[in-house]
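Going letter by letter, the sequence shown gives residues 12 to 247 in the numbering used here.
Derived from the structure by calculation, the hints contain no laboratory data. Hints may be right or wrong, so weigh each one.
[What the hints assert, rightly or not] Lysine to aspartate or glutamate pairs mimicking EDC-like chemistry, simulated, CA-CA at most 20 Å apart:
| id | residue 1 | residue 2 |
| --- | --- | --- |
| 1 | 124 | 27 |
| 2 | 63 | 27 |
| 3 | 122 | 219 |
| 4 | 79 | 22 |
| 5 | 168 | 204 |
| 6 | 212 | 156 |
[Stated by the list, open to error] Pairwise CB distance ranges (calculated):
| id | residue 1 | residue 2 | range |
| --- | --- | --- | --- |
| 7 | 154 | 210 | 40 to 46 Å |
| 8 | 61 | 126 | 28 to 34 Å |
| 9 | 165 | 228 | 29 to 35 Å |
| 10 | 60 | 97 | 20 to 26 Å |
| 11 | 84 | 135 | 36 to 42 Å |
| 12 | 212 | 68 | 27 to 33 Å |
| 13 | 96 | 193 | 18 to 24 Å |
| 14 | 96 | 234 | 38 to 44 Å |
| 15 | 222 | 137 | 39 to 45 Å |
| 16 | 229 | 204 | 33 to 39 Å |
| 17 | 126 | 53 | 24 to 30 Å |
| 18 | 53 | 184 | 15 to 21 Å |
| 19 | 198 | 218 | 40 to 46 Å |
| 20 | 31 | 226 | 14 to 20 Å |
A quick note: this is a predicted structure, and the numbers were derived from the prediction, not measured. Note that the Cβ used here is the ideal one computed from N, Cα and C, for glycine as well.
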Amino acid sequence: MCGRFVRFAKESIFADLILRDGSPFLTEEHFAPRYNIAPGSPVEILRKDSGKYLSDFVLWGLLPAWSKDALQKRYSNARLEGIEEKPSFRGPYLRRRCLIQAEGYYEWMTKNKIKYPYYIYTSDLASFALGGIYDIWMGKDGSEEYTLALITTQANKSVFYIHDRMPLVIPKEHYESWLDPSLSSREIQKITDISKSNVWKSHQVSKEVNHSSAYGSQLIQAMTEEVDKDPGLFDN
Numbered sequence: 012m013c014g015r016f017v018r019f020a021k022e023s024i025f026a027d028l029i030l031r032d033g034s035p036f037l038t039e040e041h042f043a044p045r046y047n048i049a050p051g052s053p054v055e056i057l058r059k060d061s062g063k064y065l066s067d068f069v070l071w072g073l074l075p076a077w078s079k080d081a082l083q084k085r086y087s088n089a090r091l092e093g094i095e096e097k098p099s100f101r102g103p104y105l106r107r108r109c110l111i112q113a114e115g116y117y118e119w120m121t122k123n124k125i126k127y128p129y130y131i132y133t134s135d136l137a138s139f140a141l142g143g144i145y146d147i148w149m150g151k152d153g154s155e156e157y158t159l160a161l162i163t164t165q166a167n168k169s170v171f172y173i174h175d176r177m178p179l180v181i182p183k184e185h186y187e188s189w190l191d192p193s194l195s196s197r198e199i200q201k202i203t204d205i206s207k208s209n210v211w212k213s214h215q216v217s218k219e220v221n222h223s224s225a226y227g228s229q230l231i232q233a234m235t236e237e238v239d240k241d242p243g244l245f246d247n
């Protein structure tokens, strides 16, 4: 799963797409560093609607459009495996895919029934795009609520020792295709297959990050002593 991520870069990796259309662009004042973004928080996404790229904030925790009311179950993650078979995800996956910028994310390693938080980031320290889906729920009063779920996939070998799941990351050369609502299921799969080749770095961080209210750059700082990384020692 992916339950927390980090966004601290002021520069948007999607700027070229947004500016090309002349669409409204979120300015730097919207990008205060956020070192512990958790489900239930507003998250900036890039989506495509009516042929234009749009950047706006939605709530993390997908509420399917067919939900009876806003109190129904919300989904922070959507597993890639079998995603088209799940009523909550099928429609958004085929027609409402989005991108979310991040500089890193957190995952928890379990050893002897104790969870240790790790900060995970790209080997070149670059920003990257998480693949997500969004949906639009309409209330009885006609109000609309946009919500989001991050897609997760099987972890590759560079992070598997921490957790067996990782967020889906979309390569830059496939941003436009990923956002295209007319893409076929087979074409979408080609993109998701490529995304699994990312190389990650990681280090253990303070358990302060366990609290969703915690904030500040100290959350991503490495611990001076880490637990043993021998994969054979970890609980599943």
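Status of the hints after comparison with the structure:
1. 124 - 27: 46 Å, violated
2. 63 - 27: Cα-Cα ~13 Å, so holds.
3. 122 - 219: 18 Å, holds
4. 79 - 22: 39 Å, violated
5. 168 - 204: Holds, at about 15 Å.
6. 212 - 156: Violated, at roughly 36 Å.
7. 154 - 210: 40 to 46 Å: Given about 43 Å between the Cβ atoms, the range holds.
8. 61 - 126: 28 to 34 Å: About 44 Å separates the Cβ atoms of residue 61 and residue 126, which means 28 to 34 Å is violated.
9. 165 - 228: 29 to 35 Å: Between residue 165 and residue 228, where Cβ atoms are some 30 Å apart, the hint holds.
10. 60 - 97: 20 to 26 Å: The hinted range 20 to 26 Å holds for residue 60 and residue 97, with Cβ atoms some 23 Å apart.
11. 84 - 135: 36 to 42 Å: 38 Å, holds
12. 212 - 68: 27 to 33 Å: 29 Å, holds
13. 96 - 193: 18 to 24 Å: 21 Å, holds
14. 96 - 234: 38 to 44 Å: 40 Å, holds
15. 222 - 137: 39 to 45 Å: The hint (39 to 45 Å, Cβ to Cβ) is violated, given that residue 222 and residue 137 are roughly 28 Å apart.
16. 229 - 204: 33 to 39 Å: 37 Å, holds
17. 126 - 53: 24 to 30 Å: This hint holds: roughly 26 Å between Cβ atoms.
18. 53 - 184: 15 to 21 Å: 28 Å, violated
19. 198 - 218: 40 to 46 Å: 42 Å, holds
20. 31 - 226: 14 to 20 Å: 34 Å, violated
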